[in-house]
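**Student:** Protein chains in written order, with my numbering: chain X, 1 to 379; chain Y, 380 to 450.
By construction, these hints were calculated from the structure, which means they are not laboratory data. It should be emphasised that the depicted structure is a prediction, and the values quoted were computed from it without experimental measurement. Heads up, the beta-carbon is just placed ideally off N, CA and C, and yes, glycines get one too.
Pair ranges (Cβ atoms, derived): (1) Asp416/Y <-> Tyr283/X: 17 to 27 Å; (2) Arg189/X <-> Asp416/Y: 27 to 37 Å; (3) Asp416/Y <-> Pro239/X: 29 to 39 Å.
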Amino acid sequence: MRLSVSACLAVVLCSPLLAQDLDLPTREEEDDRLSVHFGVYDQTDGADNLGGNPFIDEEETVYEAIIVLDKKMSERDRMNVRFLGDLVSSASITRETNPMFQALQSSPSGNEHGELGIGWTRDYEDYKVGGEASLGLEASDYQSVGWGVNLSVPLAGGNTEARFKYQSYLDFFAVKLFNGVEPGRDRRRTHTFEGGITQVLTPVTVANLVLNHTQQSGFLATTWYSVFVNGVEMSESVPSSRRRDSMTMRVRQSLGDHNAVELGYRFYEDDWGITSRTYEARYFHYVFGKKFLMEPNYRYYDQMGASFFDRVFSAPLRFMTSDPDLGDFDGRSFGLKGTLIKSTWLPGRRADVSLSFDRYSRSDGLDFFWTIFGYTVRF
Amino acid sequence: MRLGTLFLLVSLAALAGCAEVQFHEKERLNDRIMSFDDDAAGAEMRQHMITPREGAIGGFSSVGAGGCSCK
Numbered sequence: 001m002r003l004s005v006s007a008c009l010a011v012v013l014c015s016p017l018l019a020q021d022l023d024l025p026t027r028e029e030e031d032d033r034l035s036v037h038f039g040v041y042d043q044t045d046g047a048d049n050l051g052g053n054p055f056i057d058e059e060e061t062v063y064e065a066i067i068v069l070d071k072k073m074s075e076r077d078r079m080n081v082r083f084l085g086d087l088v089s090s091a092s093i094t095r096e097t098n099p100m101f102q103a104l105q106s107s108p109s110g111n112e113h114g115e116l117g118i119g120w121t122r123d124y125e126d127y128k129v130g131g132e133a134s135l136g137l138e139a140s141d142y143q144s145v146g147w148g149v150n151l152s153v154p155l156a157g158g159n160t161e162a163r164f165k166y167q168s169y170l171d172f173f174a175v176k177l178f179n180g181v182e183p184g185r186d187r188r189r190t191h192t193f194e195g196g197i198t199q200v201l202t203p204v205t206v207a208n209l210v211l212n213h214t215q216q217s218g219f220l221a222t223t224w225y226s227v228f229v230n231g232v233e234m235s236e237s238v239p240s241s242r243r244r245d246s247m248t249m250r251v252r253q254s255l256g257d258h259n260a261v262e263l264g265y266r267f268y269e270d271d272w273g274i275t276s277r278t279y280e281a282r283y284f285h286y287v288f289g290k291k292f293l294m295e296p297n298y299r300y301y302d303q304m305g306a307s308f309f310d311r312v313f314s315a316p317l318r319f320m321t322s323d324p325d326l327g328d329f330d331g332r333s334f335g336l337k338g339t340l341i342k343s344t345w346l347p348g349r350r351a352d353v354s355l356s357f358d359r360y361s362r363s364d365g366l367d368f369f370w371t372i373f374g375y376t377v378r379f
Numbered sequence: 380m381r382l383g384t385l386f387l388l389v390s391l392a393a394l395a396g397c398a399e400v401q402f403h404e405k406e407r408l409n410d411r412i413m414s415f416d417d418d419a420a421g422a423e424m425r426q427h428m429i430t431p432r433e434g435a436i437g438g439f440s441s442v443g444a445g446g447c448s449c450k
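With the rest of the complex left out, here is chain X (with noise of 0.2 Å):
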């Protein structure tokens, strides 16, 4: 799927001149906040961790938080500060055939991953510019710097807004083999491309579409990862480039006062052989009042893999990999998330706190659980 620019224009050129101008309600999100996310994912590896890629335990545990301050600076200033940070545990794969080494699955250089950015947006009368900058860090054996821009545009007084963004990554890494040898340090660039539009449909309706363009070159394999080729063990060897595509699309619709439901559909394509397709439902319910807010969810996943991955090879190739992330497979999760709106016993003026839940089943047995604690501010 190569995305069609002139069409994408197209839809934003020709909306302002088809709708209406209207004024838009102020929403809260205007205000300053403070959001704090704490969430811990588990992966299982199957029965006798043969989930995956049979060679290796695959089972996993990562912790992770996300501070983000949104704050206004002045009437048109906005800056937004933001610290990412992992903690991963369980995750050393202990290899059949080689158990004296271990590496870490999330990570080929450590179990701490660190990541601060810094966003600034400018409001002007007829759109929104902003841009941002990152640093990544794993100790010495990863970085990485990051910087976008980013435009939003409000047509149609509200009815439509259209949203572009840019964003580049370059990370640098040390090379880690599954043998343990450490050839080196390499690189990988990342640029994407986005472009939405959120739509007004009707008084109760509201539509949103995302394409999505990622090109990447570098060293793009999984450096520890290995195949096996007639029982001998290689390095996956995987294209220097990749071109990925997607389409989203989420309509949702209010039900009345209290409720709303949401449907979302992506089509993703890349060069690399992998087509997918994604399936989501969400429902929205107010209880209490509009006090308490429940979120069941329900995804479906569906993925055609790389044309070089397979779980063993019969003769060397040029490119291979059994990365089970990169095989066929189709995933189901079901979730289910609380949020207790505005409460007034908790420190702050105005603050919600959620928790949730998911489950996620890989046919391929890859099957893990993830638990979100939020807890947003605003003042």
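Go by the hints and put chain Y onto chain X.
**Tutor:** Using the frame of chain X, we list chain Y on its own:
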């Protein structure tokens, strides 16, 4: 698929032209449950859990490729 994408884009453009929702009709749309960005940080964390385990990226949150030592 290219035709499908074009069809969707044109359809959305047509729908944009049909939208005549007035300010006073937006009471329900202004409710938090009608906002795609109501809990952006929570959505980002959710995608951090899912995205590294799938081949696909994009669309459901700001999480994309790069900026991590994963794929």
